[in-house]
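S.K.: In case you want the letters, here they are:
4 protein chains.
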Amino acid sequence: MDDQDTLASLKSQVLEFREERSWKIFHTPKNLAMALAIEAGELQELFLWKEDPEILELLQNSTLAGRIQEELADILIFLLYLSEATGVDLSEAVKAKIIKNKAKYPISKSFGSNKKYTDLE
Amino acid sequence: MDDQDTLASLKSQVLEFREERSWKIFHTPKNLAMALAIEAGELQELFLWKEDPEILELLQNSTLAGRIQEELADILIFLLYLSEATGVDLSEAVKAKIIKNKAKYPISKSFGSNKKYTDLE
Amino acid sequence: MDDQDTLASLKSQVLEFREERSWKIFHTPKNLAMALAIEAGELQELFLWKEDPEILELLQNSTLAGRIQEELADILIFLLYLSEATGVDLSEAVKAKIIKNKAKYPISKSFGSNKKYTDLE
Amino acid sequence: MDDQDTLASLKSQVLEFREERSWKIFHTPKNLAMALAIEAGELQELFLWKEDPEILELLQNSTLAGRIQEELADILIFLLYLSEATGVDLSEAVKAKIIKNKAKYPISKSFGSNKKYTDLE
Numbered sequence: 001m002d003d004q005d006t007l008a009s010l011k012s013q014v015l016e017f018r019e020e021r022s023w024k025i026f027h028t029p030k031n032l033a034m035a036l037a038i039e040a041g042e043l044q045e046l047f048l049w050k051e052d053p054e055i056l057e058l059l060q061n062s063t064l065a066g067r068i069q070e071e072l073a074d075i076l077i078f079l080l081y082l083s084e085a086t087g088v089d090l091s092e093a094v095k096a097k098i099i100k101n102k103a104k105y106p107i108s109k110s111f112g113s114n115k116k117y118t119d120l121e
Numbered sequence: 001m002d003d004q005d006t007l008a009s010l011k012s013q014v015l016e017f018r019e020e021r022s023w024k025i026f027h028t029p030k031n032l033a034m035a036l037a038i039e040a041g042e043l044q045e046l047f048l049w050k051e052d053p054e055i056l057e058l059l060q061n062s063t064l065a066g067r068i069q070e071e072l073a074d075i076l077i078f079l080l081y082l083s084e085a086t087g088v089d090l091s092e093a094v095k096a097k098i099i100k101n102k103a104k105y106p107i108s109k110s111f112g113s114n115k116k117y118t119d120l121e
Numbered sequence: 001m002d003d004q005d006t007l008a009s010l011k012s013q014v015l016e017f018r019e020e021r022s023w024k025i026f027h028t029p030k031n032l033a034m035a036l037a038i039e040a041g042e043l044q045e046l047f048l049w050k051e052d053p054e055i056l057e058l059l060q061n062s063t064l065a066g067r068i069q070e071e072l073a074d075i076l077i078f079l080l081y082l083s084e085a086t087g088v089d090l091s092e093a094v095k096a097k098i099i100k101n102k103a104k105y106p107i108s109k110s111f112g113s114n115k116k117y118t119d120l121e
Numbered sequence: 001m002d003d004q005d006t007l008a009s010l011k012s013q014v015l016e017f018r019e020e021r022s023w024k025i026f027h028t029p030k031n032l033a034m035a036l037a038i039e040a041g042e043l044q045e046l047f048l049w050k051e052d053p054e055i056l057e058l059l060q061n062s063t064l065a066g067r068i069q070e071e072l073a074d075i076l077i078f079l080l081y082l083s084e085a086t087g088v089d090l091s092e093a094v095k096a097k098i099i100k101n102k103a104k105y106p107i108s109k110s111f112g113s114n115k116k117y118t119d120l121e
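If you're matching them up, the sequences are chains A, B, C and D in order.
Heads up: the first sequence at position 87 corresponds to 87 in my numbering, and the numbers run straight through without jumps.
Heads up: the second sequence at position 47 corresponds to 47 in my numbering, and the numbers run straight through without jumps.
Heads up: the third sequence at position 91 corresponds to 91 in my numbering, and the numbers run straight through without jumps.
Heads up: the fourth sequence at position 7 corresponds to 7 in my numbering, and the numbers run straight through without jumps.
I should point out that these hints are in silico values taken from the structure, not numbers from a laboratory.
Since the model is a prediction, treat every value here as computed from it, not as a measurement.
Mixed in with the good hints, there may be bad ones.
When chains are identical, the list treats them as one kind, so a pair holds in a single copy or across two.
The calculated lysine to any residue pairs, modelled on SDA-like cross-linking and capped at a C-alpha distance of 20 Å, are [said to hold, decoys possible]:
1) K109 x L120
2) K102 x K115
3) K95 x F17
4) K50 x K95
5) K95 x D2
6) K95 x T6
7) K50 x L120
8) K109 x L48
Bound-form chain A, shown alone (with noise of 0.2 Å):
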């Protein structure tokens, strides 16, 4: 659960896997790196000519859940795998964006905007 696992409980288990069946040799940052997105390419598809209100309601009553939690998993994965391969610590790397995320995105300039910070007045 989500406010139980830390992302090393989470990453160990997929490391874990990897190592049974002899697969680091593959897995170059490059090739991580594609691989992540693919997997965002699948993402999207489930999403692909539908519109929001379809979205929200296939969400509902469907198999598209089931398949947006896949895919979700396979990102997460290949995050997990280069995190590994760059050393980068995920947690201290999402704080850290939030704080330059607050700079570039002061509340008074971007409250209610979808402008990109290089556009915001």
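Dock chains B, C and D against chain A, hints included.
M.R.: What follows is chains B, C and D alone, placed relative to chain A:
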């Protein structure tokens, strides 16, 4: 730190950031999937045209490590928003996917192999 | 102009550009596919967080049109390099795919529908 | 054949296919950009975990070539729809981009280099 923070803790921090800016209206599952895919592309851009030995060297002594950290953070941030928007518990999703992958990739057939499960013999 | 230039003519121009810089060594099929995916992400970035009416309006009177033109050019350029690297004739590929798509999406079942062929009834 | 067909000719063929199915309503620029990115991911998937020598060998004697042809076709098809949706002439876009790239990558500085123009010295 990844051995202390839970995903729920990180999620509450990114949700607070969003709440302050009233951006929830933009964060449909479809838009968030698109945002994550864009970040995956930016991550790939850091490795484009480079061979693995050059990448490993750059990881040691350059600004590349910092840029990778930022892209991994961006991807995890959108993953957390997607978790909220779709009701998926990321930790449970990863654990369920590992179980599924163990069945798709039995050690006896997949050890040391770069083949997709559909091509395993 | 699209009603005059052939793909072969455009391809010879991008190959000449590459030859002058001796970049062929970097243009493996895998690297080119990655480059194209990165450009596809940059194209998506131009539309992120925006609704269709806003996009249509921006297309009329802003710098967006110029940026779209550049991203479409980048994608076609890498497609031309991929054509060279893999020996695929793009025109024949498109015509063959249209024939295949006609079989996958018979008009009687797919008219006005946003469903994937695997979900058509 | 690429030395005969114009982009306009291919575009009229994909537009006819769409017209017969009344799909224009789904083809907003944003949706088309998403569709193209998904196809770019599928193209990458054909090369994932593989090294260049293995890819070159597979190109000679396997079903890989046919799958690559299909993915390149899908990408060009969505590029043609995007051209129509945004009013961009693809041939002119490529020629303009080559001119721009010549300025960004002068031969004297970029010959044999894999550096991005922002890193050229």
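S.K.: Taking the hints in turn, state whether each one holds.
M.R.: Here's how the hints hold up against the structure:
{"no.": "1", "hint": "K109 x L120", "verdict": "within (7 Å within a copy, 35 Å between copies)"}
{"no.": "2", "hint": "K102 x K115", "verdict": "within (14 Å within a copy, 32 Å between copies)"}
{"no.": "3", "hint": "K95 x F17", "verdict": "between (28 Å within a copy, 11 Å between copies)"}
{"no.": "4", "hint": "K50 x K95", "verdict": "neither (33 Å within a copy, 27 Å between copies)"}
{"no.": "5", "hint": "K95 x D2", "verdict": "both (17 Å within a copy, 11 Å between copies)"}
{"no.": "6", "hint": "K95 x T6", "verdict": "both (15 Å within a copy, 13 Å between copies)"}
{"no.": "7", "hint": "K50 x L120", "verdict": "between (30 Å within a copy, 15 Å between copies)"}
{"no.": "8", "hint": "K109 x L48", "verdict": "between (32 Å within a copy, 19 Å between copies)"}
In this structure, only the earlier hint numbered 4 is contradicted, and the remaining ones agree with it.
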